[in-house]
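Visitor: In case you want the letters, here they are:
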Amino acid sequence: MADKNKYREKFPEKDPDGSNIIDPESHKFIKVWQGPQHPGITGNMSLELILQGDEVMHCKTHVGYLHRGFEKLMERRRFIQCFPLVCRIAVPEPDFNEYCLAATLEELAGIKVPEAAKWMRTLILEMSRLTSFLMWLGGQSGAFGLGVAGQWTNYVRDLMLDRFEEISGGRIYRMHIPPGGVRGLTPDGFRARMEETLQAVEAAMKDVDRTLFDNAVFKRRTVGLGYIPPEMVDAYGVTGPNARAAGVPKDVRRDHPYLKYPELDFDVITGNDSDVYTRTDLRRKEILLSVDLIRQIMAKMPGSGEYMAKLPNVLHWKIPRGETYIRAECTRGEYGFYTVTDGSGYPRRINVRGPSYTHAVALMEKLAVDCNIADVAGLMSSLHTYPPEIER
Amino acid sequence: MRLKDVLSPFLAWKHLFSPPVPVRKPLEREAAPRYRGFHQNDMEECIGCGTCEEICQNAAIDMVPVEGIGTRDGDSGLRPRIDYGRCCWCALCVDICTTGSLTMSNEYQWIDTDPDVFRFVPGAEAKPWDERKKGYRKPEHYELYNTERIPMEEVPPEARSKSFIEIVKGYSKAQALREADRCVECGICIATCPAHMGIPEYIKAVREDDMEQALRVLYETNPLPEVCGRICTHKCETVCSMQYKGDPISIRWLKRYIADQVPAERYEEILGADAVEQSNKKVAVIGAGPGGLSAAYYLARLGYRVNVFEERAEPGGMMRYGIPEYRLPYDQLDKDIGYIRSLGVKMTFNTRVGKDITLEQLHKDYDAVFAATGLHQGRSTRVDGADHPMVFQAIDILRDVTEGKKIEVAEKIVVIGGGNVAMDIARTLARLQNQKYGKVQLILTSLESEDIMPADLEEIVESREENVVIEPSWGPGSIKIEDGKIKGLNVIRCLSVFDEDGRFNPKFDQNETNFFEADQVIEAIGQGMDIEYMTKKFEDRLEMTPRNRVKVDIFGQSSLPWLFLGGDITGGTDAITAIADGHRAAKGIDKFLNK
Ligand SMILES: Cc1cc2nc3c(=O)[nH]c(=O)nc-3n(C[C@H](O)[C@H](O)[C@H](O)COP(=O)(O)OP(=O)(O)OC[C@H]3O[C@@H](n4cnc5c(N)ncnc54)[C@H](O)[C@@H]3O)c2cc1C
Ligand code: SF4
Ligand code: SF4
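Sequences listed follow chains H and Y, in order. Numbering-wise (the numbering used here), the first sequence opens with residue 9 and increments by one. Numbering-wise (the numbering used here), the second sequence opens with residue 9 and increments by one.
No wet-lab data here; the hints were simulated from the structure. As the structure is a prediction and not an experimental result, all values here were calculated from the model. There could be a bad hint or two in this list.
Straight-line Cα separation of at most 20 Å, EDC-like style, residue types lysine to aspartate or glutamate; simulated pairs [what the hints assert, rightly or not]:
id: 1; chain 1: H; residue 1: K318; chain 2: Y; residue 2: D255
id: 2; chain 1: Y; residue 1: K12; chain 2: H; residue 2: D215
id: 3; chain 1: H; residue 1: K126; chain 2: Y; residue 2: D255
id: 4; chain 1: Y; residue 1: K493; chain 2: Y; residue 2: E416
Take these sequences, add in the hints, and give me the full structure.
Guide: The following block contains the structure:
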């Protein structure tokens, strides 16, 4: 890891706890705002940065730019009406919200989901992971000036959206996982088209591999940047690729198996040191793992069968008093819905646990310090966060 | 730094001459067959139930009137208008649409500078995608409510064919809750119910297991819930929006469930025993059928002193003297009537107006009169032999059965008629034959073919289960009599019953004949009224309709302002219409007396 402090001797002085002492009267510091409208910020949030020269001395995050109050809204919605609402909590991978909501309600209401629906859900979640990573990769490489990789990955992501479209009728908001099951299985000829898409993803990833990972500029800028030591992982509530890159093998798919993951063959991918380069590389491997998992799912999934449990009339569906937490591994780590019901037709409380809260706020504020201002966008990208998930 | 790391990025150049992939051609690209695009709505199929509006969490749907679509039974006349500034394309509206009329096309592009055009009524504005075959449809086997009715248990034919025990067992609590859960609360049924009962409201009370509230809702419009919960013609169910994807809600059985749950002793506590305020005014009611009882109840509630004059020894009218006990047990009827009487309604039995007391007298003694005297004169086929003593009128026998009189039950019987009264008499006599001879030899013959027989399907099915033989499409020719004894009924083939204009005008084929052996013939082809007690005396002042009925307004008020009429004599055909008439007349009388 590069020692950025080597060149900086006098300023700033440090507190005993190691943090920089910022004295505005010294005229040595300037404050800049990055965001809320900034391509380097993944969504609407902003960083209040205090710089000395082009080094970040202090970082404070600000959210609240797209607060839509999903959790509160749901308290005024019937259970079925929450279903089209939750996808917006994480736009690039809405399906994890749908799954977690559905699974909590099913558990509390005692509804058994048909097998075919479980396979279908597993498929959708992996497809969602893949499309989300493909888009993210474009942002990550773009943040360091390499625009072309993003164009390739977004093209193949688009092909994957075509597959989503034929399954569900929606490209971005699939809305295919209502409580009770799924809204349908795959259409005729889907397997072949899916295989074609997967091959296109693999081909694109080969090009990405050579241009991004065997790239002097990218390596120069990302190796050692935004390093997360393993001991920070639990202290900062780090999960997903950010944690796995630090060698901590956390993966909900393995640790708390759900849906059809126990029937799939895969290893948890880990790295050696969680800097931007390793995290990017780990996600590249995750993309390939998703491709593999989708192939496994397609091979094992039944082509027909019940896919929806019998629901009571959803217009006055009441769920007995209870509470539960259901989690899934999204692209960025542990995603979970904590749902409380009180016997009425409305959720008493739903709390959405998305990895962005810890990664984009506490972790980012810590990691940004001592970075170069030019690397902040790339660092932010490398944590892979979605602000709507912070401001549910 | 490896040399590879410097050279590799130049690999990007290999795509220099590749077509620009991210640029898809939106104008040429057709969306997937299942795409959730702009809505389509089949205006003919849609019934304006508003369930789509109810589920939309974005409040994107408003139910609005549409040019050319009127309100009628089973159709509110409204249609969903969608605001695409709010719609999130979730398709829950499509999934829940009760008729399946609402779908989505796979069209997703439409550009306009006027934002208002994005709020429109799908199906009513000739959009280019209206006829698209592709687009999102509700998937099969995916339902957001239970489409199937919770079956009603019945006493099996072996156990009921010799006795008059009630056939329908009624719902258990668990069954009623599940059945009530199916209701989408669209309220389409309210307009069709003659009494406009608060159906979704009482079903909701069932769902919430609040029997007191449920009973209160029933009594707002119907003081005979035990009766109607059993024998109502349930027109509401014929328009229930649940019928399009499955079975209509068992509205009638749920009503019965409510009334059955609450014991008579608790009625007073739940509904109260007093009128809002007492009035000194007096109202006479003629006839203790559903019309008269309903008027009496609501008049009493309004504070009037009511006296019901009834020819028979007991109240109930056709509910007691017509409808057989296996459909409506007397104790249930008495429970309803008992509560009405507990409000202080006086009843004078064995008093026929026109004979034991005149209408003039009632006019003198009372401030207003409500008459609902029903149809109690059986009509005859007038075929040869119809005047034989072993030819009977259905309603006469039914009355005699109720009164416990000894009646003729021959070994072989023919019933003429295809309506519910014919079924009632056939099934009553079948039971009596069974008791007397240990077997049933009864033929029911009707003009109508089976598909247009006016009797309810369940009546036809259950009659057959009870060994009644049904012979449809025959017209009665003559009754064959030898040595003064009936031998049977000669019939001729009936080809059609109604002409092109839908008028009753039967056509026969004289060449195709048949003979049904019998020692007794029952006529059940309709009833007429006897209202001489009013027409004779007030002839000159009582305005009549062209069809020779007493002319009344919406409140049942005749051209004699103090005289109100309702029930079968003003054209009603069932108990609930009579009940509704009685309720309206009570309001009309209240208005008249408070002028
Ligand atoms: C066999 C049969 C089965 C039926 N089944 C059903 C059914 O399943 N469901 C349904 O909804 N409807 C049914 N109906 C129809 C229903 O019973 C009538 O539509 C309803 O009872 C009419 O009510 P009403 O108050 O107008 O008259 P009624 O019920 O006929 O009551 C009139 C009352 O007035 C009395 N009365 C008549 N003249 C005088 C007078 N001059 N002075 C004093 N009292 C007098 C009569 O004795 C009688 O009690 C059936 C009818 C019959 C005949
Ligand atoms: S698609 Fe969803 S948001 Fe749009 S009108 Fe239908 S229910 Fe409302
Ligand atoms: S749910 Fe269907 S039938 Fe009812 S109003 Fe909406 S579109 Fe029409």
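Visitor: Please go over all the hints and tell whether each is borne out by the structure.
Guide: Hints, verified against the model:
Of the supplied pair hints, the one linking K318/H and D255/Y holds, its CA atoms being roughly 16 Å apart against a limit of 20 Å. A C-alpha spacing of about 14 Å is found between K12/Y and D215/H, which places the hinted pair at or below 20 Å, so the restraint holds. Between the alpha carbons of K126/H and D255/Y the distance comes to roughly 30 Å, so the proposed pair goes past 20 Å and is violated. Of the pairs offered as hints, the one joining K493/Y and E416/Y holds, with about 14 Å between alpha carbons and a cut-off of 20 Å not exceeded.
When the structure is compared with the earlier hints, a violation turns up for hint 3 alone.
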